[in-house]
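Trainee: Given next are the chains, with one letter for each unit.
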Amino acid sequence: MKAINKHYNVVIIGGGVVGCAIARELSRYKLNIAVLEKEADVGWGISCRNSGVIHAGFNNKPGTLMAQFCVEGNKSFAKLSQQLDVPYKKIGKLVVAKKKEEIEKLQKLMDQGKKNKVENLQVINSDKLKKMEPNVQGVAALYSPNTTITSPYLLTIALAENALGNGVKFFLNTKVTGINKDRSVFKVTTNKESFSAAYVVNSAGVYSDRISRMAGAEKYRIYPCRGEYYVLDKNASWLVDHLIYPVPHAGSGGLGVHITPTIDGNILLGPSNEYVKKKKNFSSTFKVMKMLASESRSFLPSISSGDVIRSYSGIRAKQAPSSEGGYRDFIIEESKAVDNLINLIGIESPGLTAAQPIAKKVVDIINKKEKLKINSTFTPFRKGILRFDEQDEETKKALIEKDPDYGEVICRCEKVTKKEILEAIDNPLGAKDLISIKYRSRAMMGRCQGGYCLTRIIELLREKYNINPQEVTLKGNHSPLLTGYRSDEVKIC
Amino acid sequence: MLKEKEVIIIGGGAAGLAAAVACQEKGIKDILIIERNAFLGGILNQCIHDGFGLEKFSTSLTGPEYAQRYIDQVKEKKIPFLLNSMVINLNSRKEILIANRTGLQHYRAKVIILAMGCRERTRGAISIPGTRPAGIYTAGVAQELINLKNYMVGRKIVILGSGDIGMIMARRLTLEGAEVILVAEKLPYSSGLPRNINQCLYDFDIPLLLSHTVVDIKGNGRISEVTLAQLGKRGGIIPKSKRKVPCDTLLLSVGLIPENELSRQAEVVLSNITGGPEVDERGQTNVPGIFACGNVLQVHDIVDNVSLEAEYITEGVIDYLQGRSQEPREFQITLGAGLRYVVPQRILTLKNTIFSFRVNQPGIKKTLVFEEDRKIIKKKLFLRVNPAEMLRVKLSSEELKDVKRLKMRLV
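Line order of the protein sequences matches chains A and B. Be aware that the first sequence starts at 58, since it is given in the numbering used here, and climbs by one per residue. Be aware that the second sequence starts at 29, since it is given in the numbering used here, and climbs by one per residue.
The set of hints was computed from the structure by calculation and includes no laboratory data.
Quick list of in silico lysine-lysine cross-link-like pairs, DSS-like style, CA-CA up to 27 Å:
#1 A:LYS334 - B:LYS272
#2 A:LYS238 - A:LYS425
#3 A:LYS336 - B:LYS272
#4 A:LYS472 - B:LYS33
Keep in mind it's a predicted model, so treat the numbers as computed, not measured.
All chains should be built: construct the whole structure from the sequences, respecting the hints.
Mentor: Rendered as structure tokens:
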């Protein structure tokens, strides 16, 4: 009877922010749902490698799903993040014109925003800009007060954990190798077990073209387009209060190098916009690093290279090839060739903002074909890991009294306690890589990049999972941190 | 509840221990050392090689042995210390908030001695391009993993940066059976001590490539390769010199940064060059009663100098506590050619004063000149100067007597 255990109403391929949002939305109904993720944790693709911005929606062409879902996603974001206990802050965004010629473009952006029903946009002059951002150079700016920042990986994790709590099954390290359909049942084979399903949702991000072909459906093509970032020390956070963007170039497939305060108090510089051959090419490059520094200095001259603590890069899932440039609208629809296969193609920016509306759309597609029954035990709430450092003193005292592990600061830069790290290690999804602990707890994300806490975290991980040194991994199976014990090869007779 | 102390020392490593012992010997009774680790001695505990103590104890000790000499004194003198305790706040009123397993504790001290040491510069801070796989460690972290936790970090190793810890780890890893392929240094000279180049690299046939750096990193899970390139005279990459070096580990020994996050909270002014507080002739910062010594003040080359500096600044602590102050005559020291920095940065009172400094580049037969306007106060000849070495010169109070401006330069 094994086969029955593995039959799902819906199999979702891809555990990014969109896949996890779909899983959560679907868990409102009485369904057996599985999420298949090839990596060792959710959100390791583009979902953890972006600016973490919940856009207002003025950058997208009126009438597109991108525009509609971006505006909707922005409006409903506060409620979503409160339900999921995910941090967010409505800090507002300034699109800064560096030259007079660009002011006209600000007006156009504002008009576009108004058509998309973005509220409270205004063009401000250089005096007002100086008052709002004394360190930023520009002649005018478009001010968007509704633009919000969040933690993209915590959001993804929260969506997944909430879905898990509502009965969705997550299969990590599970890479889809084939999709066949026998009458009305899909058979999804993976590097591990096989899954049978009535519906397959293809939310595989940059690999969504491959999944569609695998299922014998439309032959889409996704062009990977890399964006590199710099992360600045929290000591540089005084530089700006708002998101600072340049005026986007027409035809560019990105928003230009911007200055992004993060929810944790760092500043991001980036991203670049460069088509690459490989979908896994997350390298940082010498050329772009240099460009990021000079571009961001062009409106924020006081940025210092000494403030850089890290670099990273993400890959956009572009439908438009480099010769075309710009954006093509999201495709979110049932395949015309294969019934019950729902394709999500070209989910790039503003995908993070739009994740929830996209998920609702997927549910609508299924709901129109099936009469879905409400899951009466569904809860939209989920609790995250309590941040000791953000509590007031009385609460801190009470926490240590309740659990002395709160009194042990393991990550000195981000002031993360042993208790938080243990909670991160013991996460509901069972992700046990170093990166998973980093995203959940913020340990190792500070200026010393794990110099102080790495050894301690390795010890805690080994203790918890009772594993050998060589089994401690950074990010998945092929990333061991250690080769073993030092004395392995020493034989004393 | 706020507990009052006469002197609180933040950090129980080489600097903190020496400062505590010296304070006690000078008659201060109410001292508290705060250490975040489970043991005293700080980074010395993982430095199991020898060569420590030649100046201080005229014998060659390992790091743990050197630390133990001070730990024994702290215990003999019954100087109180807290372990596993992290200072999470410090302000300019010299109030401290500590977190440990028993709770949060507030302290206030008449004198705070900053002795938090330093941290290592990371890959992110120097922007090495490439992927971000496992197997990239700073040398000190690798040292901790190997020497304190008995783990092996890798088998085929490239080391970037010729700092002392990097070279010591080159030897350590070789002795453990790993292959250390090379040490690359972006400068045309090593940033470590000559004795380490000889004892850790040349004695083990490990090549030191000067004017070389890592320009790319490959590998998705674990690092599999670095690209090495030679640098031209102006520091630019010579394109034709690029070559790929397969490896499974990259160690970085690319500089140390004084750990002054708490000092910032207390509004202590930091030097852009040393990364440590700007201090007067006895290590006092701009915040009266807050002193600094050891690697939090300036990165030292040898630990003996850390201990000496810690002992030396306690003279200022005593003066401060006893309210002894001479007529202040504050002036800054200006630096001329050839010098990177000097500590102290300013002179407040007339005392015998030790000037610790580093040169900009290696040289032979260089003379250090102290002068006031055109008048030469003192000259000292050095047969060899090297940026890796911290040099120290003393001016007596007699020599400093009527000085109102002081310039140092190397000729």
